[in-house]
Amino acid sequence: MKKNIFPQPLKKGAKIAVISPAGAVDVAQLEKGIEMIKNKGFEPVLGEHLYTKLSNGYNYAGTEQERIQDINWALNDKEVGAIWASRGGYGCQHLIRHLKLKNFTKNPKWYIGYSDNTVIQSYLLKKGFVSIHGQTIKTSSFGVTEESYDMIFDILKGKTPKYSLNSHALNKKGNIEGEIVGGNLALVYALLGTRYSFEFKDKILFIEDIGENFYALDRMIMSLELAGVFHKIKGLIVGGMTNMGDEKDNKSYEESFDEFAYQMISERLSKYKFPVVFGFPNGHIKDNRPLLIGGNAKIKVETKVKIEF
Numbered sequence: 001m002k003k004n005i006f007p008q009p010l011k012k013g014a015k016i017a018v019i020s021p022a023g024a025v026d027v028a029q030l031e032k033g034i035e036m037i038k039n040k041g042f043e044p045v046l047g048e049h050l051y052t053k054l055s056n057g058y059n060y061a062g063t064e065q066e067r068i069q070d071i072n073w074a075l076n077d078k079e080v081g082a083i084w085a086s087r088g089g090y091g092c093q094h095l096i097r098h099l100k101l102k103n104f105t106k107n108p109k110w111y112i113g114y115s116d117n118t119v120i121q122s123y124l125l126k127k128g129f130v131s132i133h134g135q136t137i138k139t140s141s142f143g144v145t146e147e148s149y150d151m152i153f154d155i156l157k158g159k160t161p162k163y164s165l166n167s168h169a170l171n172k173k174g175n176i177e178g179e180i181v182g183g184n185l186a187l188v189y190a191l192l193g194t195r196y197s198f199e200f201k202d203k204i205l206f207i208e209d210i211g212e213n214f215y216a217l218d219r220m221i222m223s224l225e226l227a228g229v230f231h232k233i234k235g236l237i238v239g240g241m242t243n244m245g246d247e248k249d250n251k252s253y254e255e256s257f258d259e260f261a262y263q264m265i266s267e268r269l270s271k272y273k274f275p276v277v278f279g280f281p282n283g284h285i286k287d288n289r290p291l292l293i294g295g296n297a298k299i300k301v302e303t304k305v306k307i308e309f
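Heads up: the sequence shown at position 140 corresponds to 140 in the UniProt record's numbering, and the numbers run straight through without jumps.
Since the hints were made in silico from the structure, they are not lab data.
One or more of the hints may lead you astray.
Claimed, not checked - Calculated pairs, DSS-like style, for lysine-lysine (alpha carbon to alpha carbon, straight line, at most 30 Å): (1) K53 x K78; (2) K15 x K286; (3) K298 x K126; (4) K127 x K11; (5) K15 x K157; (6) K2 x K78; (7) K234 x K203; (8) K300 x K286; (9) K127 x K15; (10) K300 x K234; (11) K40 x K106; (12) K203 x K173.
What the hints assert, rightly or not - Simulated restraints, written as ranges between beta carbons of each label pair: (13) A227 x G13: 41 to 49 Å; (14) E31 x K157: 19 to 27 Å; (15) D287 x N39: 19 to 27 Å; (16) G143 x N213: 24 to 32 Å; (17) K102 x E147: 34 to 42 Å; (18) S270 x G41: 44 to 52 Å; (19) N59 x L101: 22 to 30 Å; (20) A28 x E267: 38 to 46 Å; (21) G128 x A227: 17 to 25 Å.
C-beta: ideal position from N, C-alpha, C; glycine also.
Using the sequences provided together with the hints, build the complete structure.
So this is what it looks like as C-alpha cells:
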C-alpha cells in the first residue's frame, strides 16, 4: 500500500501562511496566534484577504474568488513552509474544485485546521498528503490549552504525536492499526457521495462536532451507516461533541463531551465489532490535541487508550 506523504519538518525561521478559507475574522481575534508563531521561531505571512469581510450579509472571508486566490497562493508559494487556517465556519466547499497543487506536489507543506477545514484535508488526502486536524489560529470563546498548540509545533518540527488516555465506559476494546480519516462529522457527511469524500475501506474514522440537534446527529450517523461506512472501517474515534441538542438546552463549552450524544452513537454502532474510542481530546473544545489526517496510527483500546503515529 502506498504511504501518504508527510511534509518535511520546518526549520527555524520558516514561513507559515495564515489564511481565511471560510469564515471572516477580526484582527484582534488573530493577534495572539500570530504572535505565537513568531515566538516559536517562525515567520507568519498573511494572506491578502485574511481579514476581508463581505458587505452582503454573508460571514465569508471574502468572495469565493478571493479565498481561492489566497489558498492557492499558500499551497504553491515556494517560500511558504506550512499553511494555518485562521478559523473554520463555512465556505471551504466553495474552494475544492479550484485548488491547484502544481508546486505543492513538489514541495508538500502542512495544512493545519479543523471544523470546516475538514473539506480541504479530505481533498489533500485524496492527493496523498497528510494534514493536521488541530486548532486554528483564532482562539475560540472557550479558550485553547497551551499543549494543544505546542503539539502542533512539535509536528511541524518532525515529531509525531502519542497519546495515553483514560478509557471511557462506552469504549469497545481491541487493537488496530490503520490510516486516520475524517474530522468534523457534518463535513464528512456533506462530502458523502461526492468525489471529494474520504475513502473509508480499512481506515480508522475520527469524528467530532458542535451545535447539532440530536436528531441531526442521528441523521448523519444513519447516513454513514446507509452509505456502508461502518462496514468498511477498522475503528472509530469520537472527539468533542459540544453544545449538542436543542438550542434551549445547550450546555456550556465546559461540557464538551456530551454523554447523550455519545450514547446515541454507541447504540447505533452496537452491532459492529470494531474498536471505538470515546472522549478523544480533539474538536470544538479547549483541549484540542492534533490528529494526523492520513497518518497511520496504532491504537490499543484496553484499560487505557494508547494512540501512536
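For this session: Would you pick out the hints that fail for this structure and give their numbers low to high?
Result: none
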